[in-house]
Amino acid sequence: MHVTRFSDIALRLLMYLSREQRETPAVTVGEVARQFGIPHNHLTKVVGLLAKHGYIEAIRGRSGGLRLARQAADIRLGTVMRILESDKELIDCAQLQCRLTPSCGLREALLKAQNAFFATLDEYTLADITGGNTGDALSLMHGDYLKLHLAT
Numbered sequence: 000m001h002v003t004r005f006s007d008i009a010l011r012l013l014m015y016l017s018r019e020q021r022e023t024p025a026v027t028v029g030e031v032a033r034q035f036g037i038p039h040n041h042l043t044k045v046v047g048l049l050a051k052h053g054y055i056e057a058i059r060g061r062s063g064g065l066r067l068a069r070q071a072a073d074i075r076l077g078t079v080m081r082i083l084e085s086d087k088e089l090i091d092c093a094q095l096q097c098r099l100t101p102s103c104g105l106r107e108a109l110l111k112a113q114n115a116f117f118a119t120l121d122e123y124t125l126a127d128i129t130g131g132n133t134g135d136a137l138s139l140m141h142g143d144y145l146k147l148h149l150a151t
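For the sequence shown, numbering that gives the first Met the number 0 assigns the number 0 to the initial residue and increments by one for each residue that follows.
Calculated directly from the structure, the hints in this document are not laboratory data.
Please note: incorrect hints may appear among the correct ones.
Said to hold, decoys possible - Result set (BS3-like, lysine-lysine): computed pairs, CA atoms no more than 25 Å apart in a straight line:
hint : residue 1 : residue 2
1    : Lys87     : Lys44
2    : Lys111    : Lys87
3    : Lys51     : Lys87
Unchecked claim - Here are the computed distance ranges between Cβ atoms for each label pair:
hint : residue 1 : residue 2 : range
4    : Asn132    : Gly36     : 37 to 47 Å
5    : Ala118    : Cys92     : 16 to 26 Å
6    : Asp135    : Arg33     : 12 to 22 Å
7    : Asn132    : Asp7      : 18 to 28 Å
8    : Phe5      : Asp127    : 14 to 24 Å
9    : Glu122    : Gly36     : 26 to 36 Å
10   : Gly104    : Leu139    : 43 to 53 Å
11   : Asp91     : Asp121    : 21 to 31 Å
12   : Ala118    : Asp91     : 39 to 49 Å
13   : Gly63     : Glu88     : 20 to 30 Å
14   : Cys92     : Gly36     : 28 to 38 Å
15   : Val2      : Gly53     : 20 to 30 Å
16   : Gly104    : Ala68     : 33 to 43 Å
17   : Gly53     : Thr100    : 33 to 43 Å
All of these numbers come straight from a predicted model, not from anything done at the bench.
Every residue gets a Cβ at the ideal spot worked out from N, C-alpha and C, and that includes glycine.
Just need the whole structure built from these sequences, with the hints factored in.
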């Protein structure tokens, strides 16, 4: 199973936003792009999809930015990944001119594996994966952002 770059960016964004506190300034797209070395345009597309599905708030204006729209404990990774990877199949039998397609069992086996992947991710919330050392690293990143943001 290969996670797309789009999904990777989305998960990192959600992880980063999970450490942000309500009393601090919202995080800008530019800041997240710099923190993770992600192209601004790619991140903007990810933000649009996550906002559309109610995972993040994109606040416009001078003090605008990004925030989680839900509690991290309420965001299941499997649900997010299904949205992000909904149009991706592990094998594209329709595109390949394969003579086995009408009777092949490979597609069904791969679909079952993909569903098991999503089911495993359903066992984890955003809060589960952002604790411990990961949470510490995210807090340091966010602290660096706050120092820069509040100093100006």
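Verification of the hints:
1. Lys87 <-> Lys44: holds (17 Å)
2. Lys111 <-> Lys87: holds (14 Å)
3. Lys51 <-> Lys87: Status holds; Cα separation ~19 Å.
4. Asn132 <-> Gly36: 37 to 47 Å: violated (20 Å)
5. Ala118 <-> Cys92: 16 to 26 Å: Holds, at about 23 Å.
6. Asp135 <-> Arg33: 12 to 22 Å: holds (20 Å)
7. Asn132 <-> Asp7: 18 to 28 Å: At 19 Å between Cβs, range holds.
8. Phe5 <-> Asp127: 14 to 24 Å: holds (22 Å)
9. Glu122 <-> Gly36: 26 to 36 Å: Given about 30 Å between the Cβ atoms, the range holds.
10. Gly104 <-> Leu139: 43 to 53 Å: holds (49 Å)
11. Asp91 <-> Asp121: 21 to 31 Å: With a Cβ separation near 25 Å, Asp91 and Asp121 satisfy 21 to 31 Å, so the hint holds.
12. Ala118 <-> Asp91: 39 to 49 Å: Since the Cβ atoms of Ala118 and Asp91 sit about 22 Å apart, the hinted range of 39 to 49 Å is violated.
13. Gly63 <-> Glu88: 20 to 30 Å: At roughly 37 Å between Cβ atoms, Glu88 and Gly63 fall outside 20 to 30 Å, so the hint is violated.
14. Cys92 <-> Gly36: 28 to 38 Å: holds (36 Å)
15. Val2 <-> Gly53: 20 to 30 Å: Holds: the Cβ-Cβ distance is about 22 Å, inside 20 to 30 Å.
16. Gly104 <-> Ala68: 33 to 43 Å: holds (41 Å)
17. Gly53 <-> Thr100: 33 to 43 Å: holds (38 Å)
Violation of the numbered hints given earlier is confined to hints 4, 12, 13; the remaining hints are satisfied by the structure.
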